[in-house]
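Q: Now for the letters of each chain:
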Amino acid sequence: MRYLMLVGTDPDHTEADAAAAPDIEEWFGYVTGAGKHVIGDRLRPSSAATTVRVRGGELLVTDGPFAETNEWIVGFDVLDCEDLDEAIEIASKHSMAYTGRLELRPFWPLDG
Amino acid sequence: MTDARRPVAAAVAGAVAAERLRIVAALIRVTGDFDLAEDCLQDAIERALQRWPADGVPENPGAWLTTTARRRALDVLRRRQTERTKLREAQALAELARDATADEPGPYADDRLKLLFTCCHPALPMAGRVALTLKSVAGLSTRQIARAFLVSEATMGQRLLRTKNKIEHAGIGFRVPEPHRLAARVDAVLAVVYLIFTEGYATVHDDLAAEAIQLSGLLTQLLPDDDEVLGLHALLLLQHARRPARTDAAGELITLEDQDRDRWDGAAIEAGLTTLAAARATGRPPGYYRLQAEIAALHTTAAGPGETDWPRIVIAYDALLALRPSPSIALNRAVAVGFRDGPAAGLAAVEAIGADHPLLPAVRADLLRRAGRRQEAAAAYRDAVAAARTEPERRLLERRLSEVSDPAGDT
Numbered sequence: 001m002r003y004l005m006l007v008g009t010d011p012d013h014t015e016a017d018a019a020a021a022p023d024i025e026e027w028f029g030y031v032t033g034a035g036k037h038v039i040g041d042r043l044r045p046s047s048a049a050t051t052v053r054v055r056g057g058e059l060l061v062t063d064g065p066f067a068e069t070n071e072w073i074v075g076f077d078v079l080d081c082e083d084l085d086e087a088i089e090i091a092s093k094h095s096m097a098y099t100g101r102l103e104l105r106p107f108w109p110l111d112g
Numbered sequence: 001m002t003d004a005r006r007p008v009a010a011a012v013a014g015a016v017a018a019e020r021l022r023i024v025a026a027l028i029r030v031t032g033d034f035d036l037a038e039d040c041l042q043d044a045i046e047r048a049l050q051r052w053p054a055d056g057v058p059e060n061p062g063a064w065l066t067t068t069a070r071r072r073a074l075d076v077l078r079r080r081q082t083e084r085t086k087l088r089e090a091q092a093l094a095e096l097a098r099d100a101t102a103d104e105p106g107p108y109a110d111d112r113l114k115l116l117f118t119c120c121h122p123a124l125p126m127a128g129r130v131a132l133t134l135k136s137v138a139g140l141s142t143r144q145i146a147r148a149f150l151v152s153e154a155t156m157g158q159r160l161l162r163t164k165n166k167i168e169h170a171g172i173g174f175r176v177p178e179p180h181r182l183a184a185r186v187d188a189v190l191a192v193v194y195l196i197f198t199e200g201y202a203t204v205h206d207d208l209a210a211e212a213i214q215l216s217g218l219l220t221q222l223l224p225d226d227d228e229v230l231g232l233h234a235l236l237l238l239q240h241a242r243r244p245a246r247t248d249a250a251g252e253l254i255t256l257e258d259q260d261r262d263r264w265d266g267a268a269i270e271a272g273l274t275t276l277a278a279a280r281a282t283g284r285p286p287g288y289y290r291l292q293a294e295i296a297a298l299h300t301t302a303a304g305p306g307e308t309d310w311p312r313i314v315i316a317y318d319a320l321l322a323l324r325p326s327p328s329i330a331l332n333r334a335v336a337v338g339f340r341d342g343p344a345a346g347l348a349a350v351e352a353i354g355a356d357h358p359l360l361p362a363v364r365a366d367l368l369r370r371a372g373r374r375q376e377a378a379a380a381y382r383d384a385v386a387a388a389r390t391e392p393e394r395r396l397l398e399r400r401l402s403e404v405s406d407p408a409g410d411t
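These protein sequence lines are chains G and E, in that order. Numbers 1 to 112, taken from the UniProt record's numbering, label the letters of the first sequence in order. Numbers 1 to 411, taken from the UniProt record's numbering, label the letters of the second sequence in order.
Nothing false has been slipped in among the hints.
Capping the alpha-carbon separation at 27 Å, the derived lysine-lysine pairs in DSS-like fashion look like this: (1) G:Lys93 x E:Lys166; (2) G:Lys36 x E:Lys164; (3) G:Lys36 x E:Lys166; (4) G:Lys93 x G:Lys36.
In short, the hints are calculated from the structure, not lab data.
Assemble the whole structure, with the sequences as input and the hints as a guide.
A: Written out as C-alpha cells, the structure is:
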C-alpha cells in the first residue's frame, strides 16, 4: 500500500524531544535501503503557497495555502508499505515525529 | 419447533457459542472482510439448522460449522471474482482453497487475539474500537450495542461501518504487532475492555459489564502469562462481585460504605482473588490494572468499612498516581485518606488535587458531611447534584443533600 506522509511542524514539543530526534539522513538511508521510499522532498513554507480554483469558468488565483493553521506542511514522502503498522513504524523513526507531526494518508487505489 | 428439532437447536447454539469467535476471526484474517465473515457464519448456522435434524448432529459440530462457513466464503469470493478481481480477494481465494485457516504458532498469533489487536488499533477512534470489539469479538448485534450506548441503531451502524472502512482504507493489517510494540498494543486492548466495563458500571448496565468480563477472561486464555491481563480480569471480577449490593430493591444506588456485604458474589470474589494471585506470581512489578485489583481486593476482603485496610489502600493509590497521574485517581486517594486519617485530612487531600473532576463536588460533600460541617456540605451537595452524570447518582446525592439540610438531624 502507498501512503503519502505529510511532514508538518508542531510547536508543542520539548527540548528533550528535539534532542532525542534521530538524524534525518539516517532515516532516509533506512527507508531507501528497505525499498519503502518512493519519492519525497522538503517544501517551501506556506508563505510561498498559491491556491488555484476555477469558479463559474473563471480562474481564481490566491496567495497562501488551503487553510491558515499554526502547523505548516514542510515536506512530504511517499512510502510503499505492507500495511499501516509498517508505515507508522517508519514514521516513528523520522526526526519530525519528535519535533513536528506526521500525517499518513493512504493512496486511493485505482480499483477502489 | 418439533421435539426432534429441539436438541439440534441446542447443539447448534452450543457449537456457535464455542466456535463463533474462532470462525469469524479466521475468516476476517483470510478475507479482510468483517461483514463477509459474519454472513458466512450465519449461512453455516442456517445450514446446520436445516441439515442436522435429518443427518444427525455431526461428531464435531464446531468443525462442521467452520468448514461450512469457509466453503461459503470461497463461493462468495469466487462469484465476486468473476465480476471484478481484486488482488486481496484473489489472495484470499488461494488461501481458502489451500485450507489455510489454521493459526500460526506463537503466543500472540491466535486469530482471536489478532482480531482484538485490529479492533483496538490506536489509529481507530475510541468509540469505534469499543463498538467493533463488541460486535466482532463479543458477537453482540448492532441493535444491542446501540441500546447499551443509548444511540439509534442507524447511528451505531454508521459508526461500525466507518470503523470497518478505516481499517480497510488505511491498511490496518490483521496481524501480530512488532515485538517492541506488543506491550503498548496489549495495553490498548485492555483499555477498550476496561472502558466497556466502566461504561456498564457507571450506568448500572449489567450486560456491558458482563461482556467486558467475558472479554478479559478470553484475554487471560490467550495471554495467560501477562500480569496486566490477569490484573484487569481480577479487577473486573472483584468490582462486579459487589454489583448485587450496589442497588436496593427500588434501584437506588448504595455506596460501598453502606452495602450489605453478604450480598456480594462470593464465587466472583474467589475467582478474582485467584486471578490476582496469578498476576502477583508473575513476579513483575504491579501495573495499572493490578494495582487497582489490589485495591478492589482490599475492599472485598474487609468485613466492613471500619475493618478496611485503608493505609494499604492509600499506598496502592500512591503507586497508581506515580504510574499514571490523573485527577480521578487522586480523588479516590483523597477518599481513602479521609477514611485513614479522618475527614479533615481527606478534605486537605481533595484541595491539593488542583484539577477539576466531575465527582469532585460529591467527594468534597461527603467529607464535609462526615466532618460535621453541614452547611458547607449542603452547598457542596448542591454542586454535586448539578454535576451528576447519571440519574441514580443524582438521586443518591439529593438524598444526602436532604439529610444534611434536615434541621431535625441537627442535634
